[in-house]
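Asker: Protein chains in written order, with this note's numbering: chain A, 1 to 356; chain B, 1 to 356; chain C, 1 to 356; chain D, 1 to 356.
Honestly, the hints are just simulated from the structure, not real lab data. Possibly wrong hints are sitting among the right ones.
Below, simulated DSS-like cross-link-like pairs (lysine-lysine); rule was C-alpha separation at most 27 angstroms, straight line [to be verified]:
1. C:K275 to D:K191
2. A:K7 to D:K7
3. D:K7 to C:K7
Protein chains: 4
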Amino acid sequence: MSSEFGKNLRVSVFGESHGNGIGVVVNGFPAGESVDMDRLLYFMSRRAPGSSKLTTQRKEADLPEFLSGIRDGVLTGSPFAAVIRNTNQRSGDYKGFEDTPRPSHADYTAAVKWNGAADMRGGGHFSGRLTAPLCAAGGIAIQILARRGIRIAAHLANIGGIADEPFPVFPDVDLFDELNAMMFPLIDAQKAPLMQQLIQQAADEGDSVGGEIECAAIGLPAGLGDPMFEGVESLLSAALFGIPGVKGVSFGSGFDCVSMRGSEHNDPFVVVNGKVQTETNNSGGIQGGITNGMPLIVHAAMKPTASIAQPQRTVSLSRMEETKISVHGRHDPCIAIRAVPVVEAVMALVLLDLLS
Amino acid sequence: MSSEFGKNLRVSVFGESHGNGIGVVVNGFPAGESVDMDRLLYFMSRRAPGSSKLTTQRKEADLPEFLSGIRDGVLTGSPFAAVIRNTNQRSGDYKGFEDTPRPSHADYTAAVKWNGAADMRGGGHFSGRLTAPLCAAGGIAIQILARRGIRIAAHLANIGGIADEPFPVFPDVDLFDELNAMMFPLIDAQKAPLMQQLIQQAADEGDSVGGEIECAAIGLPAGLGDPMFEGVESLLSAALFGIPGVKGVSFGSGFDCVSMRGSEHNDPFVVVNGKVQTETNNSGGIQGGITNGMPLIVHAAMKPTASIAQPQRTVSLSRMEETKISVHGRHDPCIAIRAVPVVEAVMALVLLDLLS
Amino acid sequence: MSSEFGKNLRVSVFGESHGNGIGVVVNGFPAGESVDMDRLLYFMSRRAPGSSKLTTQRKEADLPEFLSGIRDGVLTGSPFAAVIRNTNQRSGDYKGFEDTPRPSHADYTAAVKWNGAADMRGGGHFSGRLTAPLCAAGGIAIQILARRGIRIAAHLANIGGIADEPFPVFPDVDLFDELNAMMFPLIDAQKAPLMQQLIQQAADEGDSVGGEIECAAIGLPAGLGDPMFEGVESLLSAALFGIPGVKGVSFGSGFDCVSMRGSEHNDPFVVVNGKVQTETNNSGGIQGGITNGMPLIVHAAMKPTASIAQPQRTVSLSRMEETKISVHGRHDPCIAIRAVPVVEAVMALVLLDLLS
Amino acid sequence: MSSEFGKNLRVSVFGESHGNGIGVVVNGFPAGESVDMDRLLYFMSRRAPGSSKLTTQRKEADLPEFLSGIRDGVLTGSPFAAVIRNTNQRSGDYKGFEDTPRPSHADYTAAVKWNGAADMRGGGHFSGRLTAPLCAAGGIAIQILARRGIRIAAHLANIGGIADEPFPVFPDVDLFDELNAMMFPLIDAQKAPLMQQLIQQAADEGDSVGGEIECAAIGLPAGLGDPMFEGVESLLSAALFGIPGVKGVSFGSGFDCVSMRGSEHNDPFVVVNGKVQTETNNSGGIQGGITNGMPLIVHAAMKPTASIAQPQRTVSLSRMEETKISVHGRHDPCIAIRAVPVVEAVMALVLLDLLS
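The following block holds chain A by itself, in its conformation from the complex (with noise of 0.2 angstroms):
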């Protein structure tokens, strides 16, 4: 099994929540390049649990320390290694999903395929706590590529039902700036209070909402990426799958698309300044798995957090009978909000893979 993806840039990311540690991998940085610690550590504050009153309140450190690949906050070249500390473990709060799985999680999973080996306190190996060393490497990725004149920046377009606007056809940086500075990110911020009603509610009620995550990149060349299963959306959507929670990913118009008609999908090309642009942007900035240099846009659909304090059913494997189970802790009731940055993460280090 490989907790990897990427092909001239590859990252493997361990660890086990409730073990000694967890950690990224990256062969293939490009060597040369420095790592603004301020900022990186800011990006990776944003999917911190405790950000806001709507994330979970478990306390984790999570700062990364550098074991190799980089050296006076300069990328080597070599493979790059990061390790967080597991220092927080509260293993009792999950003690017994051994054996009556959690619905919704990979517990059950889990134990089929590692015959009850897997160490899953915790979520073990499948928690969102694997996506702290995920962000480590994807917000170097993202001051790589802002040097390269790309752009990274994601909102939440929906919440339980109630949407944000979409990027428009053509995003300026400034926008891109004030959503990276968001612990909860909306184009319009208008939205917040509903939104975030929402989820204090069904918080409240022991519960969890879904959301949707709108995440665009631009400054992009034209001609990036490969046909057929090599293309943009197809290593894009295989790493965010990776993300847990993640039910769907779909590029420009996305599902839309099924009851929309060619006239009115198709792009129209047009010149402006002397540059071949598309007037709108249903395509997503891809055509035929190959970037055209419009802004590339990706969607990714984050299903409610399936830990929540009201009573499921599950079974209890070991008596094979039907029991009851609340799991209780602290829980993001909506794990969208901290999956934000790191669709950013995942987007960026598919985009250096494909410019190596």
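Using the hints provided, position chains B, C and D relative to the given structure of chain A.
Answerer: Coordinates of chains B, C and D only, in the frame set by chain A:
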């Protein structure tokens, strides 16, 4: 670049629409499995143009010639290679697209990527025609899986906004047999006239419509797939986005999860006949990237055919000025129909890889 | 299983000796490069049987048909596919080897691996014939590299114990031109009669002899390849051991280094015309897996042809008892001769991959 | 770039000699296997410096810390990660090598490849020290294989021209036990004094000597490996050339096959106790890339240590003029000795991958 996918079962598709031939090489087909040619040709005929009034009337013999890996109808273990000759090219139909790229086609991105060297006649390597060899390989994988108790079927879940019934939580084999036998596969056959009328109307107007395909696999063991980036969703989505026209891929509840509560979305575990199952299947048969033994459910959104007769705005790349284009010829007004067996083929190849 | 190699340039070889055809698919050939067909066919003819009295007299037309990836002699960027028809099969020659496997052939291992389903007529997928499509792909890579100032040549460094001169530390292009033009390539042409006599004598006795090929590339930039497992040695050796009959691969000093002192083996750095070079080249142009700008030197040991007319001891698998076998037919008494262009082809494909 | 190898068992090595730490991540270790820590540490100690008077006297604790993939001594199925801290760096020893590269080291190629950003203190990522985490992973693989009846052993086949006895055609387990227990493993222990005298003499003269390692695996089933480029030779050689200092890899008869006749080289099939075997083993246990059930025999040529105290000619890259260098510090006068367990480790990891 790499028109390939798979790990222990490697599928490599080659060819250009108007070159000498298209084909597929598969490394890793299990030795000793027999191939029922009649069933294979029937399966491929479901993808073939002209299979119904609503699909393109271009004629393609599309009979695959087997070059290696099969002897007297039995797979030998060596790389499998099949070639389909291109005999019916009408390159005249496509003249000029190299200078005036068709909106939402790969004409422009291929021109940029390959500096004008691409052979884009008939869509070149990006043509939907490349799905024919994919079906030759996938049709064989379907036969192998069936011998192992694994069945695959798909239907037109939505055409232009008109929805079919979804798969029930526990679809039975009879439903799979029925769907496999239909050229316009629907669970609720009464939806056919409405959908077909919609398509015909679009065709009459020189336009096209989008569609959504829902594909299911039953009989899968629990425990297939790996966590994170080699989960079933990652592998399947990467392969499905290789099908021309796919804009979105989702599993189980898909993008609907965005509006759901955790208490509603979580699939309760139950014991039925001494076996662990889930009562609902919002997980789409996958938890943590790993199959849980429930039906595997995937959705693919297919955009409306980009080739339409209606005049569209494009640019002349040589003159860098705007112009108009009409794409004549015999194009499917709804590519989703013929894509149904293609999605089944890809599903089968990915699953056989996971079982290898 | 996977008869493939490469990363950004993927080479996939298929076919069985007595099936319908053999061929190669290459993903990643650079678009826009032209192919000189005469030079390609000449290159392939060096590998063809019957090229000299000392090679097998079986006749193979071995003309490749290009199916895709090339148009009017120019590579298009799409996957390149070439097929060679099998027209001269004399399966009768090979009858019985499925029950009484030829010593040191793959008859036995293929039978075990594929449970008797393998098509081993003529050696099946393990036949030296599979190197013909490899040469079709490699011959194109050689032309592309030459345009970038990189030249490749090989010679018969040793036949049955008779050694040719090794490459000088700084071989010039003229030597490469000469070697490329020879069917029995030697640096010291005076060794030809001795070697050929040895081969002829073995042939007369129904026997065969081994050989060693030394292959060099000049004009390479420093900095190609990666440390550890994706170093130049790793990539080249993995591909070279894919050639049937190769028993050893070494670089620079190779196995001679075992008897050397460090003071003797280390290559002193010197400055020549303002450029860093090494005075000797025991490193074979590679240090730490990475090219240093010196000639890249690789050696391949080719075992004596396993198919010999002399009676040999084998077993009947069905009766599980010992018996004897004589392998008649037209076999090269020294496979190293025809393997020279194959080694060059593999070298070129690996180098082009590293440059992609 | 990618310091990784393997397919279903992926091994990724990271670290720089004088960075914070070195380590290994393994994806695909089978869940539920226990790890005997004492045996693992003993295995690692065979590679550790200072294990004998003839190896470097630098002290490395080299105790691996396990970060994930193992719980209470049992592999969990998740990615396995182990880290070894760097505590004993003496960077002063290496000062200046960035400007005056050590002959036959990677100082120069790394400087060119990574434009001076490489951290080459102590050899950086190219240091033999990186083989410590490789042994941590390989030592676990060895334990898993032993439970499946597969044993691995290696010996010093040749030191500076003095040859040990080769493995017999059918080595028994006792020999493997003996070799596994020796720090200076020889089949003919009487050769030890001669070899050690040779090494000591070279060390006294500030020089070093080369060596050859022969490694064998017994208990393998027939049928492992695939034809052509994923044959056992291809996989093993690619991994072995990742070990610093390896200049050649061969199987069975190796380069000796060059001087042999086919009648002499072919391994006759015989039936022994109802099982098919070969009487000789020039094939090294592999035919057509696939194991035949005989002992797997591989040879690796290790060059003499490049770091020697004798003054050597090199250049100053900044001044582009020739100068001299002496590499002081505690270097092994014969790296082959400590490389013995490394070769065993690599062999075990590749075989476990093939069995996965």
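Asker: Hint by hint, note whether the structure agrees.
Answerer: Quick rundown of the hints versus the structure:
no., hint, verdict
1, C:K275 to D:K191, "45 angstroms, violated"
2, A:K7 to D:K7, "13 angstroms, holds"
3, D:K7 to C:K7, "14 angstroms, holds"
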